[in-house]
Amino acid sequence: MEGSVEGSGTSTPLGKPKESQGPPGSVWPKELIALEPGESAWQVALKKIQELSDSGHPDPFMVADLGVLASHHRAFCQALPRVSPFYAVKCNSSVWVLRVLDTLGTGFDCASQVSLELGLGTAAPRTLADTCLGTRVCKNPWHLSQPSPRLVLRLLTKDSESIFPLSTKFGASLEACERLLKSARDLGLAVVGTSFHVGSNCQTPHNFRQAIADCRRVFEMGRAFGHDMSLLDIGGGFPGGEGCEPQFEEMARVINAALAQDFPEGSGVEIIAEPGRFYAASVCMAAVNIIAKKAVLESGGRRKLLYYLNDGHYGTFRLCLREPVPRMPIVVKELCSDPPLFPCTLYGPTCDAFDKLFREEVQLPELDVGDWLVFPSMGAYTSSMSSTFNGFPPASTYYAMEPELRPGMETVQKRKKKKGKGMNVSGQSE
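Numbering-wise, full-length UniProt numbering puts 391 at position 391 of the sequence shown, and it's gapless, one number per residue.
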């Protein structure tokens, strides 16, 4: 079988991928694949498709390009030089994603005991326990009565235009902030800064402008009550996926200008962020197999196709039903130059009729059982949200590693063995 990208006019031979081989005396797991010079993660995916098809077990899988992860970290630091990134572990908690970021000096934002243990399995204490080490985010008055050495006050922000708004659940209004700061002082608790989150996948960069200005006002309130305000957490909400760079660059310009005005250099304020989607989204592609098919002739003569896939809402595509626009897959099959397209509904494998990938239909050519679809930009809130509903295990992930990443990864691997704790190479707690 030959694999090609629909409409590309090219065909890539499929063969068996090489398993990663480390230097003498090292052990690399089979899911970590060392790329040869000129080889790409896409080629790894095509080879894996061939291998699984030949085996008779065409299970769903993902391929992660760890080099993309490293490049996004560099892009973030270059665009926002005053902001220290603390990667949101909940976005993609793969042990290899965390280890690459560990080698690059990234901090980790953790929202639970499990993710905290993942973050603490890295080299240095750069782990945020819900905002930063030794700090608790104050999201409601009850938090004030809980023991905590330092508090960060989370502000309510405008996020209605974000794909996934959060302000309905978290954040204090400016009026409430004044009361909370006074209560904290009266209870003898130290508030050291503010945080906010403009909503996941923010579509309006200027929401950062207003949120930072509001934080400046809360800093002034806090200092008036005797609090040593020294930490600003601008949260997440950065765009991710292929083609997100112009939107991110515009967002960075807005943030830098707002910081220069309200928290200028030399003000003694540490500025951090919690990027997740920007780092991880375009790192992974998801490959799924068509396991059943049905054609429906609707009234008016419209022909509609139903494709049943071996991954779906309860697996890798958990969040896709909430997205406003369906993701378009790459068809891995040789097709004519201009194949007719049909409205298609993509269903997952479980017994639940709700188990479909997207709310809307997508336009695809007529395909057959056994054909493959590959969805790009599937690294954020996918594998970390997978379940085993109906007995379907999460998709396996294979990690493509560029040669330049190997020295740092080897150092991390040796350190893990020496420490004898944290996370082992399979991602399980030791």
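Treat the hints with care, as some may be off.
Simulated pairs of lysine-lysine, BS3-like, Cα-Cα distance not exceeding 25 Å [said to hold, decoys possible]: (1) K294 <-> K304; (2) K294 <-> K333; (3) K304 <-> K333.
Simulated from the structure, these hints should not be mistaken for laboratory data.
Hints, verified against the model:
no. : hint          : verdict
1   : K294 <-> K304 : holds, 9 Å
2   : K294 <-> K333 : holds, 19 Å
3   : K304 <-> K333 : holds, 20 Å
No hint from the list above goes unmet by this structure.
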